[in-house]
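Enquirer: Spelled out from the first residue to the last, the chains are:
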Amino acid sequence: MRRLILFSVVVLIFAPALASAQDRGKSKEQVEFGIKVAQNNLWNEALYRWQQAVKLDPNYAAAWNNLAIAYEHEGKFDEAKKAYEKALELEPKNLMIRQNYDLFKEINDRTKRRSGK
Amino acid sequence: MTARSAAAASSFIVAGALALAGCTGFYEIPIETPIQPKMDVSAFQRVLVAGFISGGSDDVDANLETVRLLRSQLRTKSPLRVIEAEVLPLAEIAAIEAKEDATAITTTSTGVTPISPVPTAEMVKPLPEPKPDAKRVEANIRNEKDLAKYDKIFADVAYWKKLGEEYQTPLIVTGTVLFTPHQANGFVMQNREVYDAYGRRSVIPVRTYMERKGFILQPRFVFIDGRTGAILYSETFHEEILYNSQQSVPALSTYFELMDRVMPSFLSTLSAQKIRGTRVLLK
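Read top to bottom, the protein sequences are chains A and B. The opening residue of the first sequence carries number 1 in my numbering; numbering runs sequentially from there. The opening residue of the second sequence carries number 1 in my numbering; numbering runs sequentially from there.
Bound-form chain A, shown alone (with noise of 0.2 angstroms):
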């Protein structure tokens, strides 16, 4: 009796993180998908691949990084603002996302600028 209680104890500690560790595996695996067909020049191919990857896992910051640059590709500059910024909120030490969101940064508020006049 004890020893399935302690069982029922360990399975209840480390459920969520093996879940989560399982939804990352899927999500890396759309990820990395998902990177292939962009360099292939396939976009529509890639940014579904990451769109998938973000449901998966909602805290994969390189999922929304990359999200945000098939985005911009497309020319979605709101949409890629969103996803740049959830990259930063999850990783704001990331080099790589605040380079990659310097760069479109700069289109972005000339585009902006722009449709102001």
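Just so you know, these hints were derived from the structure itself, not from any lab. C-beta: ideal position from N, C-alpha, C; glycine also. Heads up, none of these hints are tricks.
Calculated lysine to any residue pairs in the SDA-like style (CA-CA distance at most 20 angstroms, straight line): (1) K36(A) <-> G277(B); (2) K112(A) <-> S234(B); (3) K86(A) <-> Q52(A); (4) K55(A) <-> K283(B); (5) K283(B) <-> N94(A).
Chain B is nowhere near these chain A residues, computed Cβ spacing over 12 angstroms in every case: (6) K26; (7) P58; (8) E89.
To give a feel for the contact side, a few chain A residues facing chain B, derived at Cβ under 8 angstroms: (9) A62; (10) E72; (11) G75; (12) I107.
Once you have looked at the hints, place chain B on chain A.
Expert: Quick look at chain B alone, frame taken from chain A:
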């Protein structure tokens, strides 16, 4: 430091750090960001780069050079057909218009109604005597204040409408170009090589007083609807360059160098452009 240069610097640092760490979880990828045109030009099939009111320097005929440059760029980088026509001596036309305006105001102030208070489409036709020479007018334009005196011409709807009718209602590109010599003396940071007692070389930043000269280019592009004569869009740019005072760079080269910086923005007014860059995909 601009975002671009900051990003480039950080890219270098990050790439270096990751190379050292042996990290392979990132992929640099080229992307093309589409930028929508500032103006909807679907109603036009042709574009007429009419002419510019220019001034500032006598070394470059900024009106002629700007018209030639814009036409050649639009020919290859816009969907519109470029109309080849005589370059308008716009400074001269604007000077006559300004003069006639002044006469009209003087006449009305004495209580006499002018016969033709608003100068209109006659401007397109051969102009009445005495005719101010375009070169002389341009020579009098030295700064933005001088240029502002001739600004009214862009609001002369009748004039532009008449011009538009002559060329089958194209999109008309006109404006002002101020290309002025510029001089700036002061301290600048320069890198200097130094060798220590062991002959080891190092580079240190040194503040040096320098006399520098160059040019400022301030083009203002005005886009006019050839069907109505109304201004659709206008945009002003400011670019400048400074060289060491001992360096002798022809004014025309400088003009083209500065126009080169402005050109992508000008072209993106009329047609969708793609900005090429690179981003880093992460695993």
